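All chains should be modelled from the sequences, with the hints used to inform the complete structure.
Here the protein sequences line up with chains A and B, keeping their order.
Each number in this note's numbering comes from the position in the first sequence (counting from 1) with 194 added on.
With the first letter of the second sequence counted as 1, position 411 gets the number 404 in this note's numbering; the numbers rise by one all the way through.
To be clear, the hints were calculated from the coordinates, so they are not data collected in a lab.
Predicted model, so just to flag it, every value in this text is computed and none were measured.
A portion of the hints provided could be inaccurate.
Partial chain B-side listing against chain A, Cβ under 10 Å, derived [said to hold, decoys possible]:
{"no.": "1", "residue": "Tyr15"}
{"no.": "2", "residue": "Asn62"}
{"no.": "3", "residue": "Leu84"}
{"no.": "4", "residue": "Gly184"}
{"no.": "5", "residue": "Gly185"}
{"no.": "6", "residue": "Pro427"}
{"no.": "7", "residue": "Gln440"}
Beta-carbon label-pair distances, calculated as ranges [stated by the list, open to error]:
{"no.": "8", "chain 1": "B", "residue 1": "Leu438", "chain 2": "A", "residue 2": "Gln475", "range": "46 to 56 Å"}
{"no.": "9", "chain 1": "B", "residue 1": "Ser171", "chain 2": "A", "residue 2": "Leu428", "range": "52 to 62 Å"}
{"no.": "10", "chain 1": "A", "residue 1": "Lys367", "chain 2": "B", "residue 2": "Lys55", "range": "22 to 32 Å"}
{"no.": "11", "chain 1": "B", "residue 1": "Leu134", "chain 2": "A", "residue 2": "Arg631", "range": "49 to 59 Å"}
{"no.": "12", "chain 1": "B", "residue 1": "Glu154", "chain 2": "A", "residue 2": "Gln475", "range": "30 to 40 Å"}
{"no.": "13", "chain 1": "B", "residue 1": "Gly18", "chain 2": "A", "residue 2": "Ser321", "range": "24 to 34 Å"}
{"no.": "14", "chain 1": "B", "residue 1": "Glu154", "chain 2": "A", "residue 2": "Phe363", "range": "26 to 36 Å"}
{"no.": "15", "chain 1": "A", "residue 1": "Arg631", "chain 2": "B", "residue 2": "Phe370", "range": "38 to 48 Å"}
{"no.": "16", "chain 1": "B", "residue 1": "Ser199", "chain 2": "A", "residue 2": "Gln407", "range": "54 to 64 Å"}
{"no.": "17", "chain 1": "B", "residue 1": "Leu438", "chain 2": "A", "residue 2": "Leu629", "range": "14 to 24 Å"}
{"no.": "18", "chain 1": "B", "residue 1": "Leu334", "chain 2": "A", "residue 2": "Leu629", "range": "47 to 57 Å"}
{"no.": "19", "chain 1": "B", "residue 1": "Gln166", "chain 2": "A", "residue 2": "Arg631", "range": "37 to 47 Å"}
{"no.": "20", "chain 1": "B", "residue 1": "Gln166", "chain 2": "A", "residue 2": "Pro499", "range": "34 to 44 Å"}
Every residue, glycine too, gets a C-beta built ideally from N, C-alpha and C.
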Amino acid sequence: MKKVIGSLLLLLLFGSPCIGQQGADALVAESTAFLSAFFKNRFDVRVAVIRFENNSELTDTAMQKIYQTLISRLEGEKNIIVSDLLVNFAGGRGEFNLGRVDELQYLLDLKLIQNKSKTGLGLTVFSRLQDKIVAVKYFEKALGKGEMEYLNTRNFAFSELGFSKLLEFESKKNLMDVQSISGGEGQDQYFFYYPDEIIVYLAREMRLEKYSQFKLEWTRPVYPVLHYEGRLLLLPTSQGLVLTAGNNFSSTAKVMALRDGQWQEIQKIDFVPRQHLVLNQNPYLVGTRYDEGRNYLKDKIYFLPFSDPANQSGIYEKKIIPAMAIDFSVREGQLQAVHLIDRDYHYHLFNSEFEEMLPAPEKKGASLAALGGEWLAVSDYSRATDQLFIYDIQNGGQRPVYTGKISGEIQFISAGVWQKVKGFWTGVRQKQDDLERFVVQFWGKRDG
Amino acid sequence: MAKGKLLLIPLALALMFAIKPYYGGEIQIRLNEPTSFNLNTANYSNLIFYSLIYENFFYLKKDGEIFSNVFQEYRYDAANKTLILTVKNNLSFSNGRPLTAKNIQVSLKIFMDLDLFASSKLSQAVKNVRVSDNQVAIELLADNPDILDLLTAPELVVLAENEQSFSGLFYPQEWEKSHHLTLKNNPFYAGGRAYLDTVRITFAESQLPDLFLSSPNQFKENFQEFDSGIFQNIYLCFLQSDVGQNTKIALFTLLKRFNEASGFKYRELRTLTSEEESPVSIQIKTFSPQKTTSILKSSDIKLYILASLSNLEKDLSAFLKSSNLKIETLFIDDSQFMGFLNSAAIKFVLIDKIFQKKIPAEEKISRILKESSFNQFNAGYLRMLSELDEVKFSNNQELLMEQIARISEAIINDGFIFPLFQKNYSLYIRKSWPAMEIDYYGRPLLQKVSKTND
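Here it is, written out as structure tokens:
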């Protein structure tokens, strides 16, 4: 399971001399040198590891570290453009997002082998264009017991360099979502979506001040719930700011527009919009439906052409699997991938063609969110205290970059912005004795 | 058992504080087969069954907390002696039809018209019930800030105009007579949809389900036992004054012998309520088998039995058949029985009453007098009940016991009711179902019961 990034990697990245050319490092260095020499007369060679198997005594965590070290070294090679397609390490095998193989020129196949006291790394280079193996190389080094233990140890990235909690405050209960938008005069507005109202705040230094609020009247059929869930979407359109608000207790979502300073309902939609996307150069509202009154989503994704907010024709749907949580990673308006936690709490990744990658074997929490096409945040499958796992998904893979401990249970995660810093809003329920409180946190990178 | 409970508490807390709960799954409950979906809470099994398909106005927890899923607010206006109930917005019955304040008003009136002690207590306190928008105003005759207590009666439920609409956590989906009944969760349930998809009610005793009623101190392994505090009393009632004393005692003796022949499934009952709390013990001397037979052989007896005792049907019919007496048993639903009462010459009835141990003895004796004297209720009894009320407020335990003894003696001397048997019930729940709560009336609260999927 790929939860952590090794501090070994970070130390290497920042040129720490303390490790030196030890066994694992030497294996990686020699592999990189071999590939550098192999590609030396070529420019902008697009390369990715697409298979990595482990027959050594090392664990999946150690595999992670060796893989990350290799990738970071290859990223330092001027003539190589390396794509990190790793989704997960489990059971001695790496799982890779093969949806992007068409963009590559060379594919790398790695294998770790135990040969008595030595550990070997087998490297096969496959040319996709020539459709044949073009190089095979094997390196072998002795890995000391101490180094093996160190490689097998889980450890974390430096929080100062990764995501950290930038904001925390208490909210009233049943908050379902937080979204923000740049308001006039450069001041951001923060929309807090509750079952019966939306409250808009403005940021004043490190706190929020209430700016306005408007009630949401839901009409029959209403499905009373034990757990409120919903999604808010803010859409700047040519006709002004439009918002959509859907949830698990109303069969329709509201489309509301700001007219003369008042939010007015202009339309109802039969699904809960979650993302605004461009597909085939046409804008779409993309969303899902909750199972009425329950905390999970049905097995369809809906696409509604959205050039005119009041028009609801041309809707189409794609079948997927029922989900506890779903989000879409999007880059420049284009769909990159669909991230989903199923009803058994397993993570699934679908590419932009809705082809499924291998599901992760271990369980996750039931909340996730993608921030553009860059980051993915997932909650933990835990019974007591939660964790927030943040992955780098820029290259189509999933590189864990930070894990934050959270006191309480994450109710939702939403991608957002706080004071110009991109990151994730989390709604957290905390309970001690008979006292329950709802806390909102913002997790972002301090360097923006 | 205490240790088991202690172990379950942390588990329940952990689950309350876990990742998103899982929706789905089925629980199997063994109960007596109901006769219809019309509310009938005459016995413990029914009390549980109807609580699954009908929503109570208010629930009373074991710790005394009162809560409601139907009302978003309830307040007592002392100045106007009025209890104001505000119904939640946009509620629906199981078929999607609106559940409004009007339904609450009608349900309340139906309850107050029932021939139940709790109903008459409430109707005596209420002056009128008004509705405006989503509010129901219950105006009282006298100031009573504790009026809410009277609204926690298990028989006070939200009824729809249509018989196919249900207000409860579940609604009936399929009924295979004599075999099982499947309840599906109500998507419009006022308190929020249940985690479980279905409840399968089985009637046969062949295998142990997830939840069932049985005598205390059995099934130690795999099951958690809840002492519900519920006991069931069975009485033989004589509804006509022309029944001779010998016939009464002979029939009484025969039923005692039936209990003996079927392995003493019930305990002997020698009081009107229970041994622990009753100031008087009733000794009815039984006849010998020969004398019983000689008295009853020339009689043509129709013994009416309330449907809540239908579990006795098979064994009792076989026993009576073997006795070669002309005694016909007729099982009859509560609602039909009340209609029948004034039109037919019903002489012999076997009835049952369920009681909660914690309910004061004076309330139990009042219930027996009010609900079991049927057409023989008279001004004398009314006066005794008023006297009992007065004594209650005097706070004198001795006087209270004297009055209870006086009423008991009067009832027995008038000869319309003979106490027969008693049975205590425990509720058994399979240990794989954590976080199950039981209310004051011993009913399982299934709304937040979730099947773990890991």
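Here is what the structure says about each hint:
| no. | hint | verdict |
| --- | --- | --- |
| 1 | Tyr15 | holds (7 Å) |
| 2 | Asn62 | holds (8 Å) |
| 3 | Leu84 | holds (7 Å) |
| 4 | Gly184 | holds (6 Å) |
| 5 | Gly185 | holds (4 Å) |
| 6 | Pro427 | violated (12 Å) |
| 7 | Gln440 | holds (8 Å) |
| 8 | B:Leu438 x A:Gln475: 46 to 56 Å | holds (55 Å) |
| 9 | B:Ser171 x A:Leu428: 52 to 62 Å | holds (59 Å) |
| 10 | A:Lys367 x B:Lys55: 22 to 32 Å | holds (26 Å) |
| 11 | B:Leu134 x A:Arg631: 49 to 59 Å | violated (44 Å) |
| 12 | B:Glu154 x A:Gln475: 30 to 40 Å | violated (55 Å) |
| 13 | B:Gly18 x A:Ser321: 24 to 34 Å | violated (53 Å) |
| 14 | B:Glu154 x A:Phe363: 26 to 36 Å | violated (48 Å) |
| 15 | A:Arg631 x B:Phe370: 38 to 48 Å | violated (56 Å) |
| 16 | B:Ser199 x A:Gln407: 54 to 64 Å | holds (59 Å) |
| 17 | B:Leu438 x A:Leu629: 14 to 24 Å | holds (22 Å) |
| 18 | B:Leu334 x A:Leu629: 47 to 57 Å | holds (54 Å) |
| 19 | B:Gln166 x A:Arg631: 37 to 47 Å | holds (40 Å) |
| 20 | B:Gln166 x A:Pro499: 34 to 44 Å | holds (39 Å) |
When held up to the earlier numbered hints, the structure conflicts with 6, 11, 12, 13, 14 and 15 and fits the remainder.
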